[in-house]
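Just so you know, the sequences run in chain order H and L. Mapping of the first sequence onto our numbering: residues 249 to 650, in sequence order. Mapping of the second sequence onto our numbering: residues 249 to 650, in sequence order.
Don't take each hint at face value.
Which copy? The list can't say, so a pair holds if one copy fits it or any two copies do.
[Said to hold, decoys possible] 25 Å max Cα-Cα, derived SDA-like pairs, lysine to any residue:
#1 K512 - G349
#2 K613 - G345
#3 K613 - A339
#4 K613 - P602
#5 K334 - D622
#6 K334 - A579
#7 K334 - D625
#8 K512 - V491
Derived from the structure by calculation, the hints contain no laboratory data.
Number of protein chains: 2
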Amino acid sequence: MNDAPTPSESPRGWRYAGVRSGVRSEGRDTALLVSDRPCAAAARVTTNLAKAPCVHRARAATPGDDLRAIVVVSGCANALAGAPGKAADDALAASVGAALGVDPRTVLTATTGIVGVPLPVSRVEAALPSAVAALASDPEAAAGAILTTDTRPKSASATVDVDGVAARLHVMGKGAGMIHPNMATMLAFVTTDLALTPAAADRVLGPAVSRSFNRISVDGDTSCNDMVMLLANGASGAPLLDVGDPRLEAVEVALTGLLIDIAKKIAADGEGASHLIAVTVTGAGSEAEAHAAARGVARSNLVKAAVFGSDPNWGRIAVAAGQHLAELGSAANPDRWRIAICGVPVFALGAPVPFSAPEVSAALKAPEVGIALDLGDGAAAATAWGCDLSYDYVRINAEYHT
Amino acid sequence: MNDAPTPSESPRGWRYAGVRSGVRSEGRDTALLVSDRPCAAAARVTTNLAKAPCVHRARAATPGDDLRAIVVVSGCANALAGAPGKAADDALAASVGAALGVDPRTVLTATTGIVGVPLPVSRVEAALPSAVAALASDPEAAAGAILTTDTRPKSASATVDVDGVAARLHVMGKGAGMIHPNMATMLAFVTTDLALTPAAADRVLGPAVSRSFNRISVDGDTSCNDMVMLLANGASGAPLLDVGDPRLEAVEVALTGLLIDIAKKIAADGEGASHLIAVTVTGAGSEAEAHAAARGVARSNLVKAAVFGSDPNWGRIAVAAGQHLAELGSAANPDRWRIAICGVPVFALGAPVPFSAPEVSAALKAPEVGIALDLGDGAAAATAWGCDLSYDYVRINAEYHT
Numbered sequence: 249m250n251d252a253p254t255p256s257e258s259p260r261g262w263r264y265a266g267v268r269s270g271v272r273s274e275g276r277d278t279a280l281l282v283s284d285r286p287c288a289a290a291a292r293v294t295t296n297l298a299k300a301p302c303v304h305r306a307r308a309a310t311p312g313d314d315l316r317a318i319v320v321v322s323g324c325a326n327a328l329a330g331a332p333g334k335a336a337d338d339a340l341a342a343s344v345g346a347a348l349g350v351d352p353r354t355v356l357t358a359t360t361g362i363v364g365v366p367l368p369v370s371r372v373e374a375a376l377p378s379a380v381a382a383l384a385s386d387p388e389a390a391a392g393a394i395l396t397t398d399t400r401p402k403s404a405s406a407t408v409d410v411d412g413v414a415a416r417l418h419v420m421g422k423g424a425g426m427i428h429p430n431m432a433t434m435l436a437f438v439t440t441d442l443a444l445t446p447a448a449a450d451r452v453l454g455p456a457v458s459r460s461f462n463r464i465s466v467d468g469d470t471s472c473n474d475m476v477m478l479l480a481n482g483a484s485g486a487p488l489l490d491v492g493d494p495r496l497e498a499v500e501v502a503l504t505g506l507l508i509d510i511a512k513k514i515a516a517d518g519e520g521a522s523h524l525i526a527v528t529v530t531g532a533g534s535e536a537e538a539h540a541a542a543r544g545v546a547r548s549n550l551v552k553a554a555v556f557g558s559d560p561n562w563g564r565i566a567v568a569a570g571q572h573l574a575e576l577g578s579a580a581n582p583d584r585w586r587i588a589i590c591g592v593p594v595f596a597l598g599a600p601v602p603f604s605a606p607e608v609s610a611a612l613k614a615p616e617v618g619i620a621l622d623l624g625d626g627a628a629a630a631t632a633w634g635c636d637l638s639y640d641y642v643r644i645n646a647e648y649h650t
Numbered sequence: 249m250n251d252a253p254t255p256s257e258s259p260r261g262w263r264y265a266g267v268r269s270g271v272r273s274e275g276r277d278t279a280l281l282v283s284d285r286p287c288a289a290a291a292r293v294t295t296n297l298a299k300a301p302c303v304h305r306a307r308a309a310t311p312g313d314d315l316r317a318i319v320v321v322s323g324c325a326n327a328l329a330g331a332p333g334k335a336a337d338d339a340l341a342a343s344v345g346a347a348l349g350v351d352p353r354t355v356l357t358a359t360t361g362i363v364g365v366p367l368p369v370s371r372v373e374a375a376l377p378s379a380v381a382a383l384a385s386d387p388e389a390a391a392g393a394i395l396t397t398d399t400r401p402k403s404a405s406a407t408v409d410v411d412g413v414a415a416r417l418h419v420m421g422k423g424a425g426m427i428h429p430n431m432a433t434m435l436a437f438v439t440t441d442l443a444l445t446p447a448a449a450d451r452v453l454g455p456a457v458s459r460s461f462n463r464i465s466v467d468g469d470t471s472c473n474d475m476v477m478l479l480a481n482g483a484s485g486a487p488l489l490d491v492g493d494p495r496l497e498a499v500e501v502a503l504t505g506l507l508i509d510i511a512k513k514i515a516a517d518g519e520g521a522s523h524l525i526a527v528t529v530t531g532a533g534s535e536a537e538a539h540a541a542a543r544g545v546a547r548s549n550l551v552k553a554a555v556f557g558s559d560p561n562w563g564r565i566a567v568a569a570g571q572h573l574a575e576l577g578s579a580a581n582p583d584r585w586r587i588a589i590c591g592v593p594v595f596a597l598g599a600p601v602p603f604s605a606p607e608v609s610a611a612l613k614a615p616e617v618g619i620a621l622d623l624g625d626g627a628a629a630a631t632a633w634g635c636d637l638s639y640d641y642v643r644i645n646a647e648y649h650t
């Protein structure tokens, strides 16, 4: 898995571009991802009731078998903007279809940025000729053009062997670390030259998303625009994989690894974040319990503030887990729990374990902080990722004005 | 309803004391609430799986008909402290029972403060003679002794007429505004000279708590020690009220008003808080939907940070509501929603409404900020309260060290 694939490693039959159209106040803000042939496509989108038009488009078009392109515009979410927002999304797809010479219904859209304002689609239309001219096999410029308040691009790639044929996957993502409605949202786009049926694409994307993006939290808020798309064009020449094919497992494993990689990069680049927090729960009675406890700890403001302050405050960990397990109706018992911070046991079987607070406090200054909780009940486990809560988080979100 | 009742307005047959025993680093930290006769008692306690011994004691003793006293110790939560914590709670009840000359099983305990350390019960025992000597009808000293990081005491009182007999209710509460496990937790104690059966006490407490304390949030975290107790001693001479008695409704209304008053004071005194945020949801299809949307908006970090920054960011309100309604499986549709901030319409029927941002920003600087969301679906409504997210919240929770 490489962060910056060289052009030769990029998926075959895919071309990418990232240009400036002026929707964002500065920098490249418009990305095109184009396949030279129809793709099987799957998507996972925000569960929020407030969905941007691009999310409705993705839901209607996937799973599908004839998708050709994705256009991503950064700087304007085009969400909660009424009928003008819906019209702008339609116009965007139509213009991109015309510029590429493909049916607009085969174009997926993704927008991110300020809420409540319709996309100034004419600016994107004016930039489309230069975007089409810039299309090339290197995804780097596109990965940079989808960002908002992110401090760095996030991409990863992998190769999967299918009966001796190498197929490539590339993923670009963004979050600003922040899963929030205003100047950022979580987006990820997987392009691959694997040959998948739409059902198979959908089948591998679901579990991969649930083990990656559904296990990160910056502030517990979801947005109108969150989405993850997977488009497979078959250009590798690998055999077509359908649901039930045992060879699909290797695809799911590779895809999950890529998405976890991007998810961790999103959490680590959270607004104001100085630490990636990895919470691993083991010994759970079910995966749902492990997941709830891990996410609950990762999203607790008190745990996040403690990590920011390098404070080995295990009580907050136990209490966050206890709250979220209780909400699930769990019968987990703290008298069986064990907690470790940065590998140091701090709580066992219902009572504190003596430890060197200065030593653990020093360990908490590392860029990645590990919190481990064993529930003493069963064999299920889950990991969730978050980031610390800093003065900069408050500054960014209080001082950013609509 | 008065914030500081004079002694003559306090419930009959009740005496209170607040003294220093040295569990907290400074100030009064030990409160006694004592009835001169057995009380009907009800309680609502934290749903967190991690429960302090005092919470288990309250669960075992309520509803009950022979309770005599409550002891509250501030500075040590006596939670997640293993067998020594359980022994300390038993010793506390036994010592208070002996000091008051009552059965220890009629003594309820409440502890709040640092987690993971057993209560230094000998310090409290040494202070008990002075606490007993200080018992008087004025609840003020006790209300001050239950605080941790709160900046001010929180109390309220009311009188209810039952067939021409005046009965009194008094409530003291604490929170540090913060519903969190380390240096604070939410506690409230209602003492009254009403005559209630234990079942009636339980019956009125439940709805009152669900409309008050269950609708405030400082940071979304619950603690090991949260509890609300209601003890009724009948000393007013009012007739005994049982479940099903129509006269109970006036009691429930008065109690709900008192608890909402304390809940709002807790939210307004949240750690680092500079604004109380009141979120009112109307037009909901069910009370559950109204409640979920109101709580979801009140606890959103992004909404809280926007209020701190006086930013009329209605997108964050819509998106927080959309997320929490979706989690409930609601079919609410943003195309029917209306949002107002400080009384100014900002969003209607799926699209933004033009408004003066400087004017709303100026209104957001008031100590109490109102957010209104109408879902356009039905007749159900709910209000939730929260506070803003400030630099001081991060400072208090990052710099407080275990």
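Hints versus structure:
{"no.": "1", "hint": "K512 - G349", "in the structure": "neither (37 Å within a copy, 60 Å between copies)"}
{"no.": "2", "hint": "K613 - G345", "in the structure": "neither (49 Å within a copy, 48 Å between copies)"}
{"no.": "3", "hint": "K613 - A339", "in the structure": "neither (49 Å within a copy, 40 Å between copies)"}
{"no.": "4", "hint": "K613 - P602", "in the structure": "within (20 Å within a copy, 46 Å between copies)"}
{"no.": "5", "hint": "K334 - D622", "in the structure": "between (48 Å within a copy, 23 Å between copies)"}
{"no.": "6", "hint": "K334 - A579", "in the structure": "between (47 Å within a copy, 20 Å between copies)"}
{"no.": "7", "hint": "K334 - D625", "in the structure": "between (50 Å within a copy, 23 Å between copies)"}
{"no.": "8", "hint": "K512 - V491", "in the structure": "neither (28 Å within a copy, 54 Å between copies)"}
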